[in-house]
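Number of protein chains: 2
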Amino acid sequence: MRITLSLLVLTMMNSVFADTMLDTAKQLREDALQSNLAWDIVESLTTEVGPRLAGTVADEQAVAWAQAMLKDAGFDRVWLEPVKFPVWLRHHEKARVVSPYPQPLHISALGYSGSTDGELTAEIVAFAGLAELKSASATEVEGKIVFINQSTDRSIDGSGYGKAVPVRYAGGKLAKEKGAVAVLIRSVGTDSHRFPHTGSSLRQDMPLPAAALSAPDADQLVRMLARKTPITIALDIDVETNAGGQSYNVIGQIDGREKPSEVILVSGHLDSWDLGTGAIDDGAGVAITTAAAQLIGALPQRPRRSVRVVLFANEEQGIWGGKAYAKAHHEELDQHYYASESDFGAGLVWQFDVADEVFLDLAMPLLKPLGIKRGVAASGGGPDIKPLMDMGVSVFRLKQNGLDYFDYHHTADDTLDKINPESLRQNVAAWAVVTYLLAERK
Amino acid sequence: MRITLSLLVLTMMNSVFADTMLDTAKQLREDALQSNLAWDIVESLTTEVGPRLAGTVADEQAVAWAQAMLKDAGFDRVWLEPVKFPVWLRHHEKARVVSPYPQPLHISALGYSGSTDGELTAEIVAFAGLAELKSASATEVEGKIVFINQSTDRSIDGSGYGKAVPVRYAGGKLAKEKGAVAVLIRSVGTDSHRFPHTGSSLRQDMPLPAAALSAPDADQLVRMLARKTPITIALDIDVETNAGGQSYNVIGQIDGREKPSEVILVSGHLDSWDLGTGAIDDGAGVAITTAAAQLIGALPQRPRRSVRVVLFANEEQGIWGGKAYAKAHHEELDQHYYASESDFGAGLVWQFDVADEVFLDLAMPLLKPLGIKRGVAASGGGPDIKPLMDMGVSVFRLKQNGLDYFDYHHTADDTLDKINPESLRQNVAAWAVVTYLLAERK
Numbered sequence: 001m002r003i004t005l006s007l008l009v010l011t012m013m014n015s016v017f018a019d020t021m022l023d024t025a026k027q028l029r030e031d032a033l034q035s036n037l038a039w040d041i042v043e044s045l046t047t048e049v050g051p052r053l054a055g056t057v058a059d060e061q062a063v064a065w066a067q068a069m070l071k072d073a074g075f076d077r078v079w080l081e082p083v084k085f086p087v088w089l090r091h092h093e094k095a096r097v098v099s100p101y102p103q104p105l106h107i108s109a110l111g112y113s114g115s116t117d118g119e120l121t122a123e124i125v126a127f128a129g130l131a132e133l134k135s136a137s138a139t140e141v142e143g144k145i146v147f148i149n150q151s152t153d154r155s156i157d158g159s160g161y162g163k164a165v166p167v168r169y170a171g172g173k174l175a176k177e178k179g180a181v182a183v184l185i186r187s188v189g190t191d192s193h194r195f196p197h198t199g200s201s202l203r204q205d206m207p208l209p210a211a212a213l214s215a216p217d218a219d220q221l222v223r224m225l226a227r228k229t230p231i232t233i234a235l236d237i238d239v240e241t242n243a244g245g246q247s248y249n250v251i252g253q254i255d256g257r258e259k260p261s262e263v264i265l266v267s268g269h270l271d272s273w274d275l276g277t278g279a280i281d282d283g284a285g286v287a288i289t290t291a292a293a294q295l296i297g298a299l300p301q302r303p304r305r306s307v308r309v310v311l312f313a314n315e316e317q318g319i320w321g322g323k324a325y326a327k328a329h330h331e332e333l334d335q336h337y338y339a340s341e342s343d344f345g346a347g348l349v350w351q352f353d354v355a356d357e358v359f360l361d362l363a364m365p366l367l368k369p370l371g372i373k374r375g376v377a378a379s380g381g382g383p384d385i386k387p388l389m390d391m392g393v394s395v396f397r398l399k400q401n402g403l404d405y406f407d408y409h410h411t412a413d414d415t416l417d418k419i420n421p422e423s424l425r426q427n428v429a430a431w432a433v434v435t436y437l438l439a440e441r442k
Numbered sequence: 001m002r003i004t005l006s007l008l009v010l011t012m013m014n015s016v017f018a019d020t021m022l023d024t025a026k027q028l029r030e031d032a033l034q035s036n037l038a039w040d041i042v043e044s045l046t047t048e049v050g051p052r053l054a055g056t057v058a059d060e061q062a063v064a065w066a067q068a069m070l071k072d073a074g075f076d077r078v079w080l081e082p083v084k085f086p087v088w089l090r091h092h093e094k095a096r097v098v099s100p101y102p103q104p105l106h107i108s109a110l111g112y113s114g115s116t117d118g119e120l121t122a123e124i125v126a127f128a129g130l131a132e133l134k135s136a137s138a139t140e141v142e143g144k145i146v147f148i149n150q151s152t153d154r155s156i157d158g159s160g161y162g163k164a165v166p167v168r169y170a171g172g173k174l175a176k177e178k179g180a181v182a183v184l185i186r187s188v189g190t191d192s193h194r195f196p197h198t199g200s201s202l203r204q205d206m207p208l209p210a211a212a213l214s215a216p217d218a219d220q221l222v223r224m225l226a227r228k229t230p231i232t233i234a235l236d237i238d239v240e241t242n243a244g245g246q247s248y249n250v251i252g253q254i255d256g257r258e259k260p261s262e263v264i265l266v267s268g269h270l271d272s273w274d275l276g277t278g279a280i281d282d283g284a285g286v287a288i289t290t291a292a293a294q295l296i297g298a299l300p301q302r303p304r305r306s307v308r309v310v311l312f313a314n315e316e317q318g319i320w321g322g323k324a325y326a327k328a329h330h331e332e333l334d335q336h337y338y339a340s341e342s343d344f345g346a347g348l349v350w351q352f353d354v355a356d357e358v359f360l361d362l363a364m365p366l367l368k369p370l371g372i373k374r375g376v377a378a379s380g381g382g383p384d385i386k387p388l389m390d391m392g393v394s395v396f397r398l399k400q401n402g403l404d405y406f407d408y409h410h411t412a413d414d415t416l417d418k419i420n421p422e423s424l425r426q427n428v429a430a431w432a433v434v435t436y437l438l439a440e441r442k
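Protein chains in written order, with UniProt numbering: chain U, 1 to 442; chain L, 1 to 442.
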């Protein structure tokens, strides 16, 4: 009888508690849908700092901005963790068709590209993709500028980018092995605007000059090549890579009330490429995850576990911040309850992926009104989370609609106007619900 | 009785003749809808010549290209008429916010802008439009960079552009009178991409440095200004204007079989700005009107009147070709039966305007299947036609849908991919029908 009564009380208490948790999560969601917190964060970052290539003065300013912003946002603790990497700097890049149809081309040097040391003039040899370049003989390629015209399919989940991006990483290395003097790739992007998309290539000793052409410029070369006359191009790429770069992962934490050492890690990356103001990549992720945590921090009581926002350093040139974090915290990774990064712009979240059916059962009734579908086990948690995932940390993913993400990604056109404030709010609502429930659940 | 019979025969002949003319016009229309002539012309011009700023080597190449193209197209006569103008050349332009939020800005110098002679650093003072600048005191403006943030409304007929463009023409002159050191305008354009729109400003002695900001950059300045701190900008604009520029109106004619001295003048302009490849402005107009005339020239017999294609020189910097043509031909303007220019891209024609109700009755049954509405008296015939219209030449206009025209106009993004081949064919069909009927009618 006493046991039965105890069980009954316990069940009632659990039920009351669960209702409180769900009510709180629901209130968080509604508050997020009315909140300008995320917009204000990304507006401030993109306006006051703007482009913030890792290792530059602007990146230092971004770190100072982030530290001040997290302190103002009411996090219990804010700290920096150093991240070291080689600094790659763009000075200038120019390209022009020399003959037979003289005209300028729009290019952007790729991260870790080499320089041309003045103007480098050579004939181009075109390939449809990496496989075609692989099977080419050295005599076809030697002394030429390799042009790889791999296109990128538009897809909601970025899978088209995944298929195309190896050209950017590996094209230069392969072209060099075959004796090419430089490599030009069709931008890994889905737009047809005159914006070349930058992005990192493989780090190598003595890398080839490597640059992306805008899609209209790649099409222009294809039309010229169809005329069956040799096309000569002059490239002038001036960049440098220096050892000894440093930046910081900027971290803010809301300490858990019961299990403060157990951490829900939510994140974006603070650095951006130098061409745009880094609004969708990744001012949005910084803003979404910070705003979600800030809303949780504003609740009457702290959640059971800690919520840690990590604004990673130098994601763009090789996940340097993510790797440094995993290394620095490798002994506490069993205390990382869940981790995820928002690094796919500000498109609407349409699916929630996590390998925990019980948690899906708990969260989905709160996410469904946001238009979010029940998903499957997360295949990843974002680029900076991969090192943690590889070391066994559980991840979740709030999958966003990325249909237009690769129209702007890594271009000068990645600016604040590309973010829809309503969609940004929906993201914050989803992140607030999931982060809170993970932090609060038993 | 004899008179009655004669009248009957005449009526029958007229009817047979009219049917033949209408049948021919219909066949022209159907042929045009299947034809790649216009696409091939604009593809060739934008690929093989590319950007062709008036007075440059590329412009010379465009003239040679046009002459060869018209000869190949089977025109009875092809000739050049010289056009003289001051040559304006862009060397480079750079802008950056110096303080308090250091970052680059995307600008494009305006035609006939002055240079800064190295870097010019000054505070900006913002105005919503020309009226606000007019009413400003000199003390507000003196020594500063004037920023005019006039936006451009999207409209099917370009009326939004018409309202906004005075800022580009007159902003520099007005700012100079008030003692400003330079002028930056929000691009006269309807897109929100990182493309500044160039375009001509008023020619003046000792003009101010004048440039357009892309819309996202103008928005960025507005956000900075909202923070109520002085914004200092550094401009580096290097351009030059030289006397003694020359180019050519390139003209092809299909000689009329009965009234060869009576001319239907159809036209586009051959020059383009230097930033894009001049596909919509105005490779499209060159291609549409040339292809329409070429189809007429391929008929079994020449039309009654002559069809003259004029590919005007240097429209962009002040309608130099149009003015030169009107001057050179001012004694034969009574022989110019009708004139029009296609200079609004390759959007679908949606209305036919002409102040001739009888001709509208004749043409509309043939245009209606193309989705073209009966219009009113034409308010103009295109920029290069204005000098002729002012001297009494009758004009018509095939009004195009220009909803997206000012997204690309005068930017680096004016490239071939912005032209829809189907829409281009509809344009050729409309121009072929109208041009042929005007040339053939009694």
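A couple of the hints might just be wrong.
Remember, identical chains collapse to one label, so a pair may be satisfied in a single copy or spanning two.
Said to hold, decoys possible - No more than 25 Å apart at the CA atoms, straight line, and that leaves these computed lysine to any residue pairs for SDA-like:
{"no.": "1", "residue 1": "228", "residue 2": "421"}
{"no.": "2", "residue 1": "94", "residue 2": "117"}
{"no.": "3", "residue 1": "228", "residue 2": "136"}
{"no.": "4", "residue 1": "163", "residue 2": "76"}
{"no.": "5", "residue 1": "259", "residue 2": "232"}
{"no.": "6", "residue 1": "94", "residue 2": "61"}
{"no.": "7", "residue 1": "26", "residue 2": "137"}
{"no.": "8", "residue 1": "94", "residue 2": "58"}
{"no.": "9", "residue 1": "94", "residue 2": "238"}
{"no.": "10", "residue 1": "228", "residue 2": "73"}
{"no.": "11", "residue 1": "327", "residue 2": "44"}
{"no.": "12", "residue 1": "94", "residue 2": "163"}
{"no.": "13", "residue 1": "228", "residue 2": "43"}
{"no.": "14", "residue 1": "178", "residue 2": "138"}
{"no.": "15", "residue 1": "323", "residue 2": "115"}
{"no.": "16", "residue 1": "84", "residue 2": "98"}
{"no.": "17", "residue 1": "228", "residue 2": "60"}
{"no.": "18", "residue 1": "323", "residue 2": "99"}
{"no.": "19", "residue 1": "386", "residue 2": "123"}
{"no.": "20", "residue 1": "442", "residue 2": "101"}
{"no.": "21", "residue 1": "26", "residue 2": "39"}
{"no.": "22", "residue 1": "71", "residue 2": "244"}
{"no.": "23", "residue 1": "259", "residue 2": "331"}
{"no.": "24", "residue 1": "178", "residue 2": "360"}
{"no.": "25", "residue 1": "228", "residue 2": "206"}
{"no.": "26", "residue 1": "228", "residue 2": "40"}
Honestly, the hints are just simulated from the structure, not real lab data.
Here is what the structure says about each hint:
no. : hint      : verdict
1   : 228 - 421 : between (49 Å within a copy, 24 Å between copies)
2   : 94 - 117  : both (12 Å within a copy, 23 Å between copies)
3   : 228 - 136 : within (19 Å within a copy, 60 Å between copies)
4   : 163 - 76  : neither (42 Å within a copy, 54 Å between copies)
5   : 259 - 232 : neither (65 Å within a copy, 50 Å between copies)
6   : 94 - 61   : between (29 Å within a copy, 22 Å between copies)
7   : 26 - 137  : neither (62 Å within a copy, 55 Å between copies)
8   : 94 - 58   : both (24 Å within a copy, 18 Å between copies)
9   : 94 - 238  : both (9 Å within a copy, 17 Å between copies)
10  : 228 - 73  : between (61 Å within a copy, 23 Å between copies)
11  : 327 - 44  : neither (31 Å within a copy, 57 Å between copies)
12  : 94 - 163  : neither (28 Å within a copy, 36 Å between copies)
13  : 228 - 43  : between (49 Å within a copy, 16 Å between copies)
14  : 178 - 138 : within (5 Å within a copy, 65 Å between copies)
15  : 323 - 115 : neither (28 Å within a copy, 48 Å between copies)
16  : 84 - 98   : neither (41 Å within a copy, 28 Å between copies)
17  : 228 - 60  : between (50 Å within a copy, 24 Å between copies)
18  : 323 - 99  : neither (46 Å within a copy, 34 Å between copies)
19  : 386 - 123 : neither (40 Å within a copy, 46 Å between copies)
20  : 442 - 101 : neither (69 Å within a copy, 46 Å between copies)
21  : 26 - 39   : within (21 Å within a copy, 57 Å between copies)
22  : 71 - 244  : neither (28 Å within a copy, 64 Å between copies)
23  : 259 - 331 : within (17 Å within a copy, 94 Å between copies)
24  : 178 - 360 : neither (51 Å within a copy, 66 Å between copies)
25  : 228 - 206 : neither (33 Å within a copy, 48 Å between copies)
26  : 228 - 40  : between (54 Å within a copy, 17 Å between copies)
Of the numbered hints listed earlier, those contradicted by the structure are 4, 5, 7, 11, 12, 15, 16, 18, 19, 20, 22, 24, 25.
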